[in-house]
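Sequence order for the protein chains is A and B.
Residue 1 is where the first sequence starts when you use the numbering used here, and the numbers rise one by one after that.
Residue 1001 is where the second sequence starts when you use the numbering used here, and the numbers rise one by one after that.
For the record, the hints were derived by calculation from the structure and aren't laboratory data.
Quick caveat: nothing in here was measured; it's all calculated off a predicted structure.
A couple of the hints might just be wrong.
Derived, one-sided and incomplete: chain B residues facing chain A with beta-carbon distance under 10 Å [to be verified]:
1. VAL1029
2. MET1072
3. PHE1077
4. HIS1078
5. ILE1081
6. SER1084
Anything over 10 Å on all C-beta distances counts as not near chain B; from chain A, calculated [as the list claims (entries may be wrong)]:
7. GLY93
8. CYS245
9. GLN252
Here are the simulated DSSO-like pairs of lysine-lysine, each with C-alpha atoms no more than 27 Å apart in a straight line [to be verified]:
10. LYS126/A to LYS1105/B
11. LYS1060/B to LYS247/A
12. LYS231/A to LYS1105/B
All C-beta atoms in this analysis are idealised placements derived from N, C-alpha and C, irrespective of residue type, glycine included.
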Amino acid sequence: MKKMKKFTLSATVAASLAFFAGTASAQVSDALEVDGTVISTTAPAPDFLDIDQVLSGWLFRTPETRALQTDDFDNPGMVFVDQAIDDWNAVDGSEGKSCASCHTNGPEEFAGLRAELPRWDEAQGKVMNMEDYINLSRVEHMGAEPLKWAKPRMDAMVALISLQSRGMPINVAIDGPVADMWEQGRELYYTRVGQLDMACANCHEDNYGVMIRADHLSQGQINGFPVYRLKNSKLNSVHARFSGCMKNIRAQPFAVGGEEFRALELYVASRGNGLSAEGPSVRN
Amino acid sequence: MKNSMLLAACASVALFATVAIGEVAPTDVVFSDTGAVEGSLTGVAGDPTNGAMVFKNRKKGNCLACHSNSDMSDQQFHGEIGPSLDGAGSNWSEAELRGLLTNSKNTFDGTMMPAFYVDSGFFRVMSKFEGRTNLTAQEVEDVLAYIQTLTE
């Protein structure tokens, strides 16, 4: 199995090199399909938005960058998924267990989870993110140290579990016990910050589809997270991306894993309701 | 000679984020009802060459992030958020341009264009930019002098 993978990898690397050499005429359609899984990159916008359609960030990238996501052997994010599989099987902590010891059906058990997160968890009495669930298991069930948010080991595990939901429609609840937090997230989305005095909405709602210098502005959706970025050659978490956008407008970012970014994540995730879970996706 | 001494003074004072003698402080700028600002912020004539540098520099004005400008067709990427600045030097008076560079919100209600000579009233400014203006008063005058060369 592993061997076969390597073989196919080198074959596609050769193919994609030829593809780059072919340059300008490189065309990729707006339909994204990976290994037979159809990924919806457009959807009717949720009722609370003033726009008609929600659009995956994939659509805003160049044909070359898009192409990297059409085949898992070309997707550089999949290397980290492989690392997470090793981590999944590795015993850690005082209980002598690995993830695999409890989740005997493999990470596939979590199909659908990504699409619902962040979500209210009655047992925990709070809104939970993927990172929270990973650390809950590590601490409570394995007796291991929690993983740090927005660090490679965590981002890779988030990628592995997100992958299980690939192609499933994002369906984040915004009412009931999460309503207040969602409202807080919405407020942050429209609040201008930093010396450049801009809100998320200025770029990702009012100006998606246009160029801001060399960058083609997307809707800033998070259905594709974690995202492998060609710019920094690693997986990037949702909160790391939020930090990056805040720094660009010379704002002091909120804390990764903190209350504000959790609220913002809930809100931004819900703006993508209807799009497919796509992670790990590839961006520039 | 006098000018260059004043310039040097401005430059070193700007380092400490205070206002040079003869410079109008950000909070003292007087706007007309339509957002125009009469009279130089520094008393020193703007330098269009430095203005062009500030205009395209990503760490300074970064005006090209949002505006295209045919005069800079040698620069690779021009933004599409704001209008093209071709002809802006004839379309707007000096006072109007000074006003919209200082604080464009007085000219265009709710605009996304940053204020370039405002140092307070922002939310969660990164500490190294706290209490500071985006450009110095002289840089605003320099960019203004450059924009005035963009006539059709």
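Could you tell me which of the hints above the structure violates, numbers in ascending order?
-> 1, 2, 6, 9, 10, 12
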